[in-house]
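The task is simple: from the sequences and hints, build the whole structure.
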Amino acid sequence: MLEIKNLHARIADTGVEIIRGLNLTVKAGEVAAIMGPNGSGKSTLSYILAGREDYEVTEGDVLYNGESVLEMDPAERAAAGIFLAFQYPLEIPGVATMEFLKVALNAQRKARGEEPLKVPELLKRVKEAAGSLDIEMGMLKRPLNVGFSGGEKKRAEILQMKLLQPKLCVLDETDSGLDIDALKIVAEGVNALRSPDRAMVVITHYQRLLEYIVPDTVHVLYRGQVVRSGDKTLASELEANGYAAIVEEAA
Amino acid sequence: MNMHATILRTPAEAALIEAFAERCSDLPGNESVVIRRDEAMEVLKQGLPTRRVESWHYTDMRRLLSSVPTYDAHGHAEVLAPVLDGSVVLPMLVGAASGAAPALEGVTFRPVRDKLADGSLAQALVPQGDDDAIGALNAAFVRDGWFVDIADGVMVERPIELQNVQGGGQAHVRLPVRVGNGVKATIVERQTGAGAGFVTSVANLVVGDDSDVLYVIVQEQPETATHLGQFNAWIGKNAKLTLFVMNAGGKLVRQEVRVVAKGEGSDFQLRGVNLLAGDTHTDLTMVLDHTVPHTGSRELVRNVVTGKARGVFQGRINVHQIAQKTDAKMACNTLLLSDDAEFSTKPELEIFADDVACGHGATVTEIDRNHLFYLMARGIDEKTARGLLVEAFVASVIEELEDETIVEALEARLHQWFAEHG
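From first to last, the protein sequence lines stand for chains A and B.
Quick note on the working numbering: the first sequence kicks off at 1 and runs consecutively.
Quick note on the working numbering: the second sequence kicks off at 1001 and runs consecutively.
By construction, these hints were calculated from the structure, which means they are not laboratory data.
Some clues are possibly wrong.
What the hints assert, rightly or not - Cross-link-like lysine-lysine pairs, in silico, DSSO-like; alpha carbons within 27 Å at most: (1) A/Lys127 with A/Lys141; (2) A/Lys141 with B/Lys1383; (3) B/Lys1383 with A/Lys110; (4) B/Lys1325 with B/Lys1262; (5) A/Lys118 with A/Lys184; (6) B/Lys1383 with A/Lys118.
Said to hold, decoys possible - What the simulated footprint calls covered on chain A by chain B, stretch by stretch (three residues with Cβ under 8 Å from a Cβ of chain B suffice, anywhere in the stretch; the number is not a length): (7) 177–191; (8) 205–219.
Positions of the beta carbon are idealized from the N, C-alpha and C atoms, including for glycine.
See the structure below:
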């Protein structure tokens, strides 16, 4: 479903290269964990997949269902089924969360040639999804992410993911800032979305999240490259020994 | 008014003088009112203010007011559904209070023509200084309006809407509002209509001690109308006044806000939203006086300017020498959406006390790229995402009002404006 081939990318403003020849393949139904020390390029990778303009791809390609996404803007990628759960969801004063959900959902439906959802149907879906994530409806009347706690923001990201039903989910450090109860709720939400026709890229610094979202494959990112791939046991190995051994190997 | 000699009158100035000559005998008022009208007219005969008058520097009335419609309204106006559901509506149609005074517990309403006829409003017709062109125009021509008197201790159950609907001619109204002590009330001043009207409207609000008043001005004149509004308020001890101003229409608009924090512990909040489009000119000018110790104020004005529209915000805060512990903050933020759009901001602090916390800031901003990316990453196309963020820029001012039904009603009007101009 996702094929990243020899990807090189740099920060557009400064020209600093962050991704340096990255290769990664994630199949439909697969949950791939991306691990790595700070500064290895994990978040940059997530932004490039979502289409953020601040990064410039200088070489290589990103294929989604066999087609390059590099010429697509973020909205087109989202409509095609790519979803990024942000590490730091943005607070947007003045945009009511519910209104945002409606506009986003219907924008994607429109891009796919589907009819817009009627308000009662939308409310029903939001209520169901919110209930399973322990999100109170009152929270959704507030402006988007404004005044939400760290945990509420992360749950709101998963709520959006549940509603939008993307095909490729990229979760950037979804565990950061969560206590153990919130982590369990979020992980349950993510696990409920695992399906044979959906792929997930779970970016995390710690193994903790992977106890709750058990990956099929684990990839270690270092200096903008995948330096080691394996199954879920690789995550435990990293937890026990740290990144040092792998990093030395790569160097 | 500026006293410079104007030998050649502009068509607008000539039309005003002619209208007064024709109409003055028909306008309501006892002898003392007639004297005030004549005095005001003498001031007007000196000419409309130009850019050489400091307080009118950005709004040169002599140049901008190209014509004035005849006094007689051939137009037609009808009572509209109120901005807030369940409001008591006091209509003014084509410049005249319409219908019987409604019943509302603890509140007395009277048409202003009665208070002109008995002379009780005469003193209030004196303009506030040489540059008070709006006060003078209104004093000369005022025909009617509604007087609102809220008794001490009344929690007014329903919002009161003062609804001024012009019909394409001239409409000059006055809105004296007396709020007693310990009152809670919401008042909406609605300025709207159809056609190229010429409107002056002067509201005088006295807020008693320990009262809490929300006053909302919704100005939605058509893009052919001239609207000159003035809001004067005096705030008593430990009283709170929140003034919300939304300018979303008009060809030539000036809304003046003159507030005196005269009771210790009083608080004034101004929230302003200017939505400016087309080939129009809109001026929001505030003068706030902190005259006693321990008073606070905060002003937040947000502007969205598109097309060839020009906007002005002048905010002047005077902190008098005895007004120690004044806490005043003023901010004006503007989003310019087209190359031809213009906005001028002039914040001024004049502080004579030495133990105060006062500040002001003015910015011209662009849409936040991170916000744009976040919305687009959810599948919202760039144009729609930008629209949402522009609307959000001003909606966040509205959301600071505490009452949810009021927030929703104002956001609906905002939404409508963006639907028409976005």
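To test your reading of the hints: which numbers does this structure violate?
5, 7 and 8
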